[in-house]
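Q: Each chain, letter by letter, is given below.
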Amino acid sequence: MSIGTYATSSVAVGGDSVRGAEGSRAWRKLARNPAALAGALILLAVIGAAVFAPYVAPQDPARQSLIRRFTPPVWAHGGSASYLLGTDQVGRDILSRIVYGARVSLVVGISAVLVSLTVGVTLGLLSGFFHGRVDTVIMTVVDVTLSFPQLLLALAFVAALGPSLLTIIVVLGLTGWERYARVVRAEVLALREKDFVEAARAIGASPARLLLGHLLPNTFSSIIVMSTLQVAQAILQEAALSFLGVGTGSAHPTWGQMIALGRDFVSVAWWLATFPGLAILLTVLAINLVGDRLRDALDPRVG
Amino acid sequence: MLTLLVRRVVRLAVVLAGVTLVTFGILHVSGDPISLMMPEAPEADRAALRQAMGFNEPLPVQFARFLANTARGDFGNSFFHRAPALPLVLERMPTTLLLTVLALGLSLAIALPVGILSAVRRNSLFDHGATFVVFLGTSMPVFWTGIMLIILFAVQLRLLPVSGWESWAALVLPTLTLATFSTPLLLRIVRSSMLEVISLDYVRTARAKGVSERIVIWHHALINAALPLVTVAGLQFGILLGGAIVTETVFAVPGLGRLIVSAIRQLDFPIVQAGVFVVALLVVLVNFAVDLLYLYLNPQIRVR
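Protein chains in written order, with this note's numbering: chain A, 1 to 303; chain B, 1 to 304.
For the record, the hints were derived by calculation from the structure and aren't laboratory data. One or more hints might be untrue.
Claimed, not checked - Interface residues of chain B toward chain A, partial, derived using beta-carbon atoms under 8 Å:
(1) Leu-90
(2) Leu-200
(3) Gly-242
Stated by the list, open to error - A short list of chain A residues far from chain B (calculated; beta carbon distances all over 10 Å):
(4) Ile-47
(5) Gln-150
(6) Ile-259
Glycine residues also receive a C-beta, built at the ideal position from the N, C-alpha and C atoms.
Can you make the complete structure from the sequences, with help from the hints?
A: Rendered as structure tokens:
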């Protein structure tokens with residue numbers, strides 16, 4: 001089978017009782033790292049901006065004005081303090097649009113991962129627990145999914161179903177679950193031979209109880225780490241879909257859409273495409289930094 | 001060895017059948033392919049066409065027919081180009097492959113030395129720097145990187161063309177863009193495969209018996225790190241093609257990606273299906289080749 005990036009990185013965390021102590025140790029490890037701390041702060045800022053967008057945004061993101069179009073950022077010649085990052089081709093405030101755009105990115109990123117997580121973890125548990133035919137079938141589905149570039153598949157299906165926020169979430173979710181299935185399966189395969197599982201089986205625990213009560217909780221730390229990194233991926237994918245023109249289909253600005261518009265004006269107004277891209281970069285980088293430290297912090301082998 | 005080979009071929013066939021099913025699903029997932037293809041036609045026309053094209057038959061029958069047509073390379077005619085879809089797709093293939101291979105070559109030229117040095121000098125300033133660049137690279141949207149390169153090299157410095165594929169100069173920016181996407185992925189794999197090998201006993205033995213550090217790294221370690229490297233690189237190939245699709249759109253490169261993206265805007269589904277299928281077929285075949293290479297390179301399997 002394939003060797004995933006994360007498949008080997010975290011081994012099961014022993015029994016259930018030590019998890020509390022381990023949790024606080026993990027937090028301390030996380031807090032000591034300046035890069036992860038910076039990531040966490042950026043992430044908090046982005047979430048804050050998304051939630052309180054009407055209060056944070058200095059202007060109405062939809063208000064157009066032909067007189068103000070192509071106002072450069074405040075520090076450039078001709079910039080205005082009312083439009084810190086400048087305005088676009090119809091005079092809308094770029095900063096305000098970025099603030100509102102954070103909503104779409106975060107909602108899609110988090111919801112799509114929840115869909116992937118549900119599908120992937122369920123299939124991974126079943127695949128690892130029941131050897132044989134169930135495993136073969138599920139792993140074949142994984143192989144088929146891996147044959148398509150996620151972006152291409154999402155592009156085709158979103159176009160076929162008609163662009164909408166819900167379609168994007170479901171399609172990204174259903175095309176991005178295979179990593180969960182692979183990692184959870186590998187963990188269950190390693191765990192099912194452990195003494196505590198044997199013991200539970202010996203006292204007559206049902207398969208459902210074994211799966212949900214004993215195996216699933218021991219995969220939580222990998223699932224948490226994977227999910228942070230998957231949210232970052234989903235945000236990048238959503239931006240790419242919006243950029244390619246099969247976005248949310250609504251009037252709400254998205255970062256990918258803003259970059260696509262900016263592409264047409266690179267020679268007259270560089271700021272149109274630059275700042276929404278920086279917003280994506282900072283958000284995804286922040287999530288990746290936090291996720292990476294989380295992995296180290298939850299891995300008992302790293303001191 | 002032979003049983004393993006047979007098993008691989010059987011799996012190849014099963015995966016290809018699955019790939020065909022997913023490709024079939026693109027047109028049928030909405031439940032009404034005709035309305036999808038011609039949303040503005042009057043209902044009477046659509047009903048007639050539905051009947052004529054066999055969309056009223058049970059789905060399994062339709063899938064069987066699709067499977068047979070796919071096997072013959074027939075995806076129907078492109079509505080927009082008024083020509084068979086598959087040749088149109090194959091015609092664009094060399095451009096996309098050239099872009100991918102150029103970017104992959106550039107990535108390897110950077111990722112191999114940097115990744116190895118990173119692993120050898122673990123936790124050095126160089127290693128931390130490389131790790132940060134990997135983070136930065138994997139967090140950048142490819143299409144945005146491309147636009148930033150356009151602003152810098154084409155608009156400000158006027159060194160390179162904004163878009164196109166007609167001259168060698170036009171290849172530079174798309175290649176650079178795709179390479180900024182693929183280099184971090186490869187760099188991370190090179191570093192972790194080397195790290196895993198470098199701490200093994202046989203490397204220590206080689207050092208202990210006085211083999212020069214250069215030979216230890218480039219001969220002893222790298223050869224063994226190459227196995228996982230090749231496998232993961234095969235898996236990354238699909239991701240790289242995904243990046244190529246976006247890169248082509250940014251730079252108006254007349255490749256497969258641009259064809260598919262414009263076909264999606266024109267609701268030209270024969271092209272979309274043929275394109276998606278060809279890309280997946282390519283990924284499957286590359287991974288199959290990697291699998292065979294792995295069987296061949298891995299002495300534990302070869303001697304059996």
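Q: All hints are to be evaluated individually against the structure, with a verdict given for each.
A: Hints and how they fare:
no. : hint    : in the structure
1   : Leu-90  : 17 Å, violated
2   : Leu-200 : 15 Å, violated
3   : Gly-242 : 3 Å, holds
4   : Ile-47  : 17 Å, holds
5   : Gln-150 : 7 Å, violated
6   : Ile-259 : 6 Å, violated
Going down the numbered hints, you'll see the structure goes against 1, 2, 5, 6, while the others check out.
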